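Asks: So the sequences go chain by chain: A and B. Using UniProt numbering, you'd call the opening residue of the first sequence number 1 and step up by one each time. Using UniProt numbering, you'd call the opening residue of the second sequence number 1 and step up by one each time.
Keep in mind that the hints were calculated from the coordinates and are not lab data. Values in this document were obtained by computation on a predicted structure and should not be read as measured data. Keep in mind that a hint or two might mislead.
As the list makes no split between identical chains, a pair holds if one copy fits it or if it spans any two.
[Said to hold, decoys possible] Computed cross-link-like contacts, SDA-like style, restricted to lysine to any residue with a CA-CA straight-line distance of at most 20 Å:
#1 Lys-39 to Thr-273
#2 Lys-133 to Thr-294
#3 Lys-103 to Glu-190
#4 Lys-133 to Glu-292
There are 2 protein chains.
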Amino acid sequence: MHWQKDAQCGQARAGWLHTRHGSVPTPTFMPVGTVGTVKGITMDNVRATGAGIVLGNTYHLMLRPTAERVQRLGGLHRMMDWPGPILTDSGGFQVMSLGPLRKMDEDGVTFRSHIDGSSHRLTPESSTDIQYKLDATITMAFDECPALPATKDVLEASMERSMRWAARSREAFIARPGYGQFGIVQGGTEQDLRERSALALRKIGFEGYAIGGLAVGEGQELMFSTLDYTTPMLPEDQPRYLMGVGTPDDLLGAVMRGCDMFDCVMPSRAGRTARAYTERGTLNLRNARFAEDTRPISPEDDSPMAGRYSRAYLHHLFRANEMLGPMLLTLHNLAYYQRLMRQIRAAIVAGTLEQTAAELRQNWAKGDWSEDEWPMPRYQQG
Amino acid sequence: MHWQKDAQCGQARAGWLHTRHGSVPTPTFMPVGTVGTVKGITMDNVRATGAGIVLGNTYHLMLRPTAERVQRLGGLHRMMDWPGPILTDSGGFQVMSLGPLRKMDEDGVTFRSHIDGSSHRLTPESSTDIQYKLDATITMAFDECPALPATKDVLEASMERSMRWAARSREAFIARPGYGQFGIVQGGTEQDLRERSALALRKIGFEGYAIGGLAVGEGQELMFSTLDYTTPMLPEDQPRYLMGVGTPDDLLGAVMRGCDMFDCVMPSRAGRTARAYTERGTLNLRNARFAEDTRPISPEDDSPMAGRYSRAYLHHLFRANEMLGPMLLTLHNLAYYQRLMRQIRAAIVAGTLEQTAAELRQNWAKGDWSEDEWPMPRYQQG
Numbered sequence: 001m002h003w004q005k006d007a008q009c010g011q012a013r014a015g016w017l018h019t020r021h022g023s024v025p026t027p028t029f030m031p032v033g034t035v036g037t038v039k040g041i042t043m044d045n046v047r048a049t050g051a052g053i054v055l056g057n058t059y060h061l062m063l064r065p066t067a068e069r070v071q072r073l074g075g076l077h078r079m080m081d082w083p084g085p086i087l088t089d090s091g092g093f094q095v096m097s098l099g100p101l102r103k104m105d106e107d108g109v110t111f112r113s114h115i116d117g118s119s120h121r122l123t124p125e126s127s128t129d130i131q132y133k134l135d136a137t138i139t140m141a142f143d144e145c146p147a148l149p150a151t152k153d154v155l156e157a158s159m160e161r162s163m164r165w166a167a168r169s170r171e172a173f174i175a176r177p178g179y180g181q182f183g184i185v186q187g188g189t190e191q192d193l194r195e196r197s198a199l200a201l202r203k204i205g206f207e208g209y210a211i212g213g214l215a216v217g218e219g220q221e222l223m224f225s226t227l228d229y230t231t232p233m234l235p236e237d238q239p240r241y242l243m244g245v246g247t248p249d250d251l252l253g254a255v256m257r258g259c260d261m262f263d264c265v266m267p268s269r270a271g272r273t274a275r276a277y278t279e280r281g282t283l284n285l286r287n288a289r290f291a292e293d294t295r296p297i298s299p300e301d302d303s304p305m306a307g308r309y310s311r312a313y314l315h316h317l318f319r320a321n322e323m324l325g326p327m328l329l330t331l332h333n334l335a336y337y338q339r340l341m342r343q344i345r346a347a348i349v350a351g352t353l354e355q356t357a358a359e360l361r362q363n364w365a366k367g368d369w370s371e372d373e374w375p376m377p378r379y380q381q382g
Numbered sequence: 001m002h003w004q005k006d007a008q009c010g011q012a013r014a015g016w017l018h019t020r021h022g023s024v025p026t027p028t029f030m031p032v033g034t035v036g037t038v039k040g041i042t043m044d045n046v047r048a049t050g051a052g053i054v055l056g057n058t059y060h061l062m063l064r065p066t067a068e069r070v071q072r073l074g075g076l077h078r079m080m081d082w083p084g085p086i087l088t089d090s091g092g093f094q095v096m097s098l099g100p101l102r103k104m105d106e107d108g109v110t111f112r113s114h115i116d117g118s119s120h121r122l123t124p125e126s127s128t129d130i131q132y133k134l135d136a137t138i139t140m141a142f143d144e145c146p147a148l149p150a151t152k153d154v155l156e157a158s159m160e161r162s163m164r165w166a167a168r169s170r171e172a173f174i175a176r177p178g179y180g181q182f183g184i185v186q187g188g189t190e191q192d193l194r195e196r197s198a199l200a201l202r203k204i205g206f207e208g209y210a211i212g213g214l215a216v217g218e219g220q221e222l223m224f225s226t227l228d229y230t231t232p233m234l235p236e237d238q239p240r241y242l243m244g245v246g247t248p249d250d251l252l253g254a255v256m257r258g259c260d261m262f263d264c265v266m267p268s269r270a271g272r273t274a275r276a277y278t279e280r281g282t283l284n285l286r287n288a289r290f291a292e293d294t295r296p297i298s299p300e301d302d303s304p305m306a307g308r309y310s311r312a313y314l315h316h317l318f319r320a321n322e323m324l325g326p327m328l329l330t331l332h333n334l335a336y337y338q339r340l341m342r343q344i345r346a347a348i349v350a351g352t353l354e355q356t357a358a359e360l361r362q363n364w365a366k367g368d369w370s371e372d373e374w375p376m377p378r379y380q381q382g
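This is chain A alone, in the form it adopts within the complex:
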């Protein structure tokens, strides 16, 4: 695995991530394929949105269908019919969020399955082994991710344990050409802890570095200020992945602070609940004002559904609880996220990111296109 930088604009970087399973332009947004499927969309359509890499969840996959079964089925790529790169998380973050269902010790975490209550254990070694069995292109180090706000003592102890776990994860990782493993910087919103964490990880040495423990309730301002000092601690020539982020505005701000990779359930989850992302902010398509709106969601859509479905039709599908509503809107939202990343990347290459960012933010704030602003002719029956 190798990341190559094409251009830089301020802190923002445009590059290519080359892997065993293909190359991906960065910055890149990774749709979340929790349990071996991106909910509500075929992998053909995920590809058609322009996505180059998707994410899988170790926690979900180890429970069902189990890592061993995925391996026997030929790995995650073969199983879900996605030949491109796949990044899997380590399970650490999701096990954390089980609350009273999990017990942590120095060696790892014991937890109960949310499906059937059965007992399971994750350690740096077993998490790495599971990701190997899934055939993850990018394996994540197993870490502990404390909820914010937390006292500095708690953050420090947690970060130090995560660094010991990172070393054990690296030890357990089986290097293969075109595959890689990322370490995860922890330390909450404490600069000195982030510094120590980044140093510890660089000393171990990974193919890329993730920033964890953010977007867990601290707010965008604190997230951005943490990124401001954290990304410069990471190697210039390797990819940086901001985990679990975020809104279009979060992504833009994080790219401008030097992050290259992102994942979030937001666009797909919103798609299942009638919320559409557009160049003009979000629209709730269940809203009565869309009942006879013959316009497509966005005039700038260039996805496979561009110009084909009216807002009124989508409104109808959601009102009638038809599966096609979530299916189409998931496609739309993932396509919007990919379009945004392409736009940002082009601006980095052109050296005009500041200007593009100002325009993007201005348009998000404007709200839905008025009739006068709508740039396409509107056809009616007749």
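Given the coordinates of chain A, assemble chain B onto it according to the supplied hints.
Replies: Chain B alone, transformed into the frame defined by chain A:
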């Protein structure tokens, strides 16, 4: 609208249905797009299965989003992004099945919406007008469809009312080039009633003739024997549509008795509940025996998903309640139905339908392919 016969084999006919919205080879199976969407599948994929014409439900569409709104959105074709022909039912059958929620009189039916309890009325005139507003390529006459078994008196009175309603439906129909209207033969399983019904309809004159009031609980044997005497009562040079039918074996038997068009929710509904149609009968993909079955559903699949997804993956998707399970299996089942119709049509043209029918039935009875019979190599991870 015009139906052209290409070949005949026994009673079975191969032809083309030419319409304003394109031409469709017959015999043809019409996927059911209840409320402006075939559940769980995009119209692109409906087309990719080989389907040439789809069905819409007047009852569902008049309630939501309403015929007037569909008209304002440019008609059903534009609204659902299906440029091909659409047949709409008249609402009569579905209103019937509302039971105590409906009240029938000579002029029409008053009923309460299953959605919000609001009161609505359907008459031959309003049903025909609704189908006009939906822009149906093929409009169905409004009829009454009694449940079987029923006394002959009940069947006779109902059939006679349906024939009066058929005349009123024809009167209300606005003829347009490439559009058409079908009358519906009623009379239950009584030969003389079917005879009188067919004569009455032919006297009115339609672009095609449907056989209604079957597949309502009478069993396949009685359905077939009714078809045996009913199809010869219908014009040789016009299409015949057997409504609401059925299993692959039902379709085969009905084609061999001279029917050309079919619709049924079976393949799409089965797809949502993990039941797969194959050349070897049906498989329930939730069954544990598929958990590690790396074979695709059928080696004869030629749909867009052919060879891409293992039974084990589909099993996993259904067990995990992932939307992609119903999505993929709906596609698979609709593709199987279309493949079956193509196979039957080719056999009619080749004059070998009897032999093909025997082979099809023999294979359905065999059950799932054994390992030895499986005609494709099986690859495992290596």
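Asks: Hints first: check each against the structure and report whether it holds.
Replies: Verification of the hints:
1. Lys-39 to Thr-273: both (12 Å within a copy, 17 Å between copies)
2. Lys-133 to Thr-294: between (48 Å within a copy, 17 Å between copies)
3. Lys-103 to Glu-190: neither (25 Å within a copy, 72 Å between copies)
4. Lys-133 to Glu-292: between (50 Å within a copy, 15 Å between copies)
Violation of the numbered hints given earlier is confined to hint 3; every other hint is satisfied by the structure.
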